[in-house]
Amino acid sequence: MKLEGNDWFYSKEVKKHFIKPFKFLKNELEVEKFDGYGKVGNMKCGDMMELWIKVKNEKIKDVRWRTFGCASAIASTSMLAKMLTEKGGMELTKALTLSGKDIMDRLGGLPAIKIHCSVLGDEALRAAIKNYLDKKDTVKK
Amino acid sequence: MKSIYLDNGSTTPLRKEVLKSALPFFSKIYGNPSSFHSTGLIAKKEMQKSREKIAKILNCDPNEIIFTGSGTESINLAIKGIAFRELLKGKRGHFITQKTEHDAVLETFKWLEKLGFSVSYINVNENGIVNLEELKNAIRKDTLLVSIMYANNEIGTIQPLKEIAEICHKAKTIFHTDACQGAEYLDIDTKKLGVDLLTINGSKIYSFKGSGLLFKKKEINIEPLIHGGHQEKNLRSGTENLAAIVALAKALEIAQKEKRIESKRLIKLREYMISQIEKKIKKVKINGDIKSRLPNNVNVSFYGVEGESILLRLNEYGIRASTGSACSSLNLEPSHVLLATGIGHELAHGSIRFTLGKYTTKKEIDFTIKKLENIIPFLRKLSSAWDQKEEIK
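Sequence order for the protein chains is G and A.
Numbering of the first sequence is given in the working numbering, commencing with residue 1 and proceeding in unit increments.
Numbering of the second sequence is given in the working numbering, commencing with residue 142 and proceeding in unit increments.
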């Protein structure tokens with residue numbers, strides 16, 4: 001995709017992730033490799049996110065996602081994917097404390113009215129971790 | 142990068158001829174039309190000339206034109222002008238409008254409701270055409286005014302003004318129309334249309350932003366919103382913006398002259414664009430009425446994707462459009478116009494409006510279609526609201 005020096009509504013970092021999203025689900029079949037799944041948001045407010053996580057040694061090893069939403073919603077899920085998988089993967093305990101503000105800060109901020117989009121990212125993450133832990137519990141039992 | 146401006150419904154660039162007509166009125170003919178000396182009288186004469194030109198186009202008396210500072214102001218003057226007239230008598234009353242009006246109309250009415258006026262908001266059908274039966278039944282003895290727009294700014298639907306005017310006059314109520322989107326392409330003969338009040342602004346017809354007019358039939362009494370030096374028959378005080386008035390007259394003159402040929406050209410281009418979108422991209426919905434539609438309006442919803450994302454990706458290629466998605470509004474609600482047509486939240490969020498203009502070419506439309514052919518499938522691939530199996534079909 002061609003990038004030009006046009007005026008842009010969001011930060012540079014948002015643009016980067018929006019134009020070239022990181023680790024989104026390219027192939028439906030990939031889903032089987034993942035062991036935690038979360039979905040949040042609804043059509044009415046216009047933002048919906050799905051997140052798949054792969055956990056190894058209590059660390060997030062890999063993620064995939066899909067988002068219906070505006071540029072900041074797409075960029076914040078993409079940034080979340082980067083934050084979770086960089087430096088050898090984020091520990092689950094740390095991932096559980098990740099906030100919407102953490103994602104937003106990494107994006108170089110969002111317009112006030114857009115903040116709910118990134119808040120959705122940490123909710124999707126918690127839902128995915130919960131799903132992973134629930135599944136693990138079921139296996140143990 | 143050259144930009145492809147497909148957002149003429151938001152505002153238009155200034156036409157060269159219009160600019161040229163207005164230039165002498167900044168520093169050469171600068172007088173205040175209210176002055177008694179020659180400098181003022183020259184300005185007054187020029188203002189009168191413009192008023193007469195416009196009156197000819199609107200088929201009305203020059204004294205029935207009130208120059209204002211915008212379309213929004215004209216709308217406010219028409220509606221509040223009537224309301225304040227009643228308030229001065231210690232009275233209230235009833236207004237009628239429809240659900241797909243511009244915010245300038247809807248927000249004015251909402252505010253008047255706070256002052257004790259009552260307002261009926263009439264439904265539209267799935268193409269955005271007002272329900273005339275419902276309108277008829279909504280008229281009450283104390284109905285002060287009906288305000289229904291000429292053509293919708295988002296979906297381009299043209300309302301049956303003559304029929305609405307007939308209904309209003311039979312019931313002895315006043316009819317105002319917001320003709321901001323229609324003035325460039327449609328007939329604005331006020332006698333033929335049967336309107337009592339009509340709003341036009343400059344920024345949609347290749348003239349100045351911050352300029353507008355209200356046509357008001359002589360027999361109708363309204364109160365001013367702005368008090369002061371008694372300009373515009375005491376209905377809009379403040380020294381007249383002569384350059385903008387001259388420009389408005391010029392723009393309307395050119396629009397009238399070119400209306401037929403330009404509408405024909407744009408309708409062809411519009412139909413081409415719609416057919417190409419339907420052909421090249423699956424699961425789309427064209428919003429608005431296919432026939433009763435502004436020549437320059439293409440409004441389309443793409444299933445499974447959100448409008449702001451489309452808009453900003455188009456923007457990367459220099460293509461400027463707008464969306465009815467909540468994400469680009471200030472209240473996080475998707476377009477009230479699209480919701481009123483009953484298309485639901487997903488499609489309202491996924492809508493894009495292209496408004497073609499005087500400078501739009503077929504080449505630009507082809508380029509836009511080509512980019513949409515990449516953008517939509519890509520965003521659908523990213524989307525949690527798109528059935529990925531659709532891709533295999």
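In short, the hints are calculated from the structure, not lab data.
Wrong hints could be hidden among the right ones.
To be verified - With a Cα cut of at most 20 Å, we get these calculated SDA-like pairs of lysine to any residue:
1. G:K44 - A:V425
2. A:K522 - G:L25
3. G:K39 - A:E487
4. G:K15 - A:R461
5. G:K33 - A:K522
6. G:K12 - A:N456
7. A:K522 - G:V40
8. G:K15 - A:V425
9. G:K39 - A:D528
10. A:K530 - G:F24
11. G:K82 - G:D102
12. G:K20 - A:V425
13. A:K530 - G:V31
14. A:K424 - G:M43
15. A:K332 - A:H310
16. A:K522 - G:K12
17. A:K522 - G:F24
Said to hold, decoys possible - Chain A side only, calculated, beta carbon under 8 Å to chain G, not exhaustive:
18. E394
19. G445
20. L453
21. L473
22. P475
23. H477
24. H486
25. E487
26. H490
27. L523
28. S524
29. S525
30. A526
31. Q529
This structure is a prediction, so every number in the text was calculated from the model and none was measured.
For glycine and all other residues, C-beta sits at the position ideal for the given N, C-alpha and C.
A quick look at each hint next to the structure:
1. Restraint check for K44 of chain G and V425 of chain A: the C-alpha separation of about 19 Å stays at or below 20 Å, so the hint holds.
2. A C-alpha spacing of about 8 Å is found between K522 of chain A and L25 of chain G, which places the hinted pair at or below 20 Å, so the restraint holds.
3. Restraint check for K39 of chain G and E487 of chain A: satisfied, since their Cα atoms lie roughly 17 Å apart, inside the 20 Å limit.
4. A threshold of 20 Å between alpha carbons decides the hint, and for K15 of chain G with R461 of chain A the separation of about 17 Å falls inside it, so the pair holds.
5. A threshold of 20 Å between alpha carbons decides the hint, and for K33 of chain G with K522 of chain A the separation of about 19 Å falls inside it, so the pair holds.
6. Pair hint K12 of chain G plus N456 of chain A holds up; C-alpha atoms about 15 Å apart against a cutoff of 20 Å.
7. Between K522 of chain A and V40 of chain G, the direct Cα distance comes to roughly 18 Å. Compliance with the 20 Å bound is thereby established for this hinted pair.
8. A distance of roughly 26 Å separates the Cα atoms of K15 of chain G and V425 of chain A; the hinted pair therefore is violated under the 20 Å criterion.
9. Among the hinted pairs, K39 of chain G with D528 of chain A is consistent with the structure: their alpha-carbon atoms are about 15 Å apart, no more than 20 Å.
10. Using a Cα cut-off of 20 Å, the hinted pair K530 of chain A and F24 of chain G holds, with the two alpha carbons roughly 17 Å apart.
11. Simply put, K82 of chain G and D102 of chain G have alpha-carbon atoms about 12 Å apart, close enough for the 20 Å limit, and the pair holds.
12. For the hint linking K20 of chain G to V425 of chain A, the alpha-carbon distance of about 25 Å lies beyond 20 Å, and the restraint is violated.
13. A distance of roughly 14 Å separates the Cα atoms of K530 of chain A and V31 of chain G; the hinted pair therefore holds under the 20 Å criterion.
14. Between K424 of chain A and M43 of chain G the CA atoms are separated by roughly 17 Å; this keeps the pair inside 20 Å, and the hint holds.
15. A threshold of 20 Å between alpha carbons decides the hint, and for K332 of chain A with H310 of chain A the separation of about 13 Å falls inside it, so the pair holds.
16. The straight-line distance between the Cα atoms of K522 of chain A and K12 of chain G is roughly 23 Å, outside the 20 Å bound, and the hint therefore fails.
17. With a C-alpha separation of about 9 Å, the suggested pair K522 of chain A and F24 of chain G falls inside the 20 Å cut-off, and the hint holds.
18. Of the supplied interface hints, the one on E394 of chain A is violated, with its beta-carbon coming no nearer than about 34 Å to a beta-carbon of chain G, more than 8 Å.
19. A cut of 8 Å between beta carbons decides the hint on G445 of chain A: the least distance to chain G is about 7 Å, and the hint holds.
20. A least Cβ separation of about 5 Å between L453 of chain A and chain G falls short of the 8 Å threshold, and the interface hint therefore holds.
21. Interface hint at L473 of chain A: satisfied, since its Cβ lies 7 Å from the closest Cβ of chain G, which is below the 8 Å cut-off.
22. For P475 of chain A, the suggested interface contact is upheld, since its CB lies about 7 Å from the closest CB of chain G, less than 8 Å.
23. About 14 Å separates the beta-carbon of H477 of chain A from the nearest beta-carbon of chain G, more than 8 Å, and the hint is not met.
24. At about 5 Å, the closest approach between the beta carbon of H486 of chain A and any beta carbon in chain G falls short of 8 Å, and the interface hint on this residue holds.
25. With a cut of 8 Å, the hint placing E487 of chain A at the interface with chain G holds, because the nearest CB-to-CB distance is about 5 Å.
26. With 8 Å as the threshold, the beta carbon of H490 of chain A comes within range of chain G, its nearest partner Cβ sitting at about 4 Å, so the hint holds.
27. Hint status for L523 of chain A: holds, given a least beta-carbon distance of 5 Å to chain G, under 8 Å.
28. With its C-beta approaching chain G no nearer than about 4 Å, S524 of chain A sits inside the 8 Å limit, and its interface hint holds.
29. At its closest, the beta carbon of S525 of chain A sits 4 Å from a beta carbon of chain G; the interface hint therefore holds under the 8 Å criterion.
30. A hinted interface residue such as A526 of chain A counts as satisfied when its beta carbon comes closer than 8 Å to some beta carbon of chain G; here the least separation is about 4 Å, so the hint holds.
31. Among the interface hints, the one on Q529 of chain A holds; its C-beta lies about 5 Å from the nearest C-beta in chain G, closer than the 8 Å criterion.
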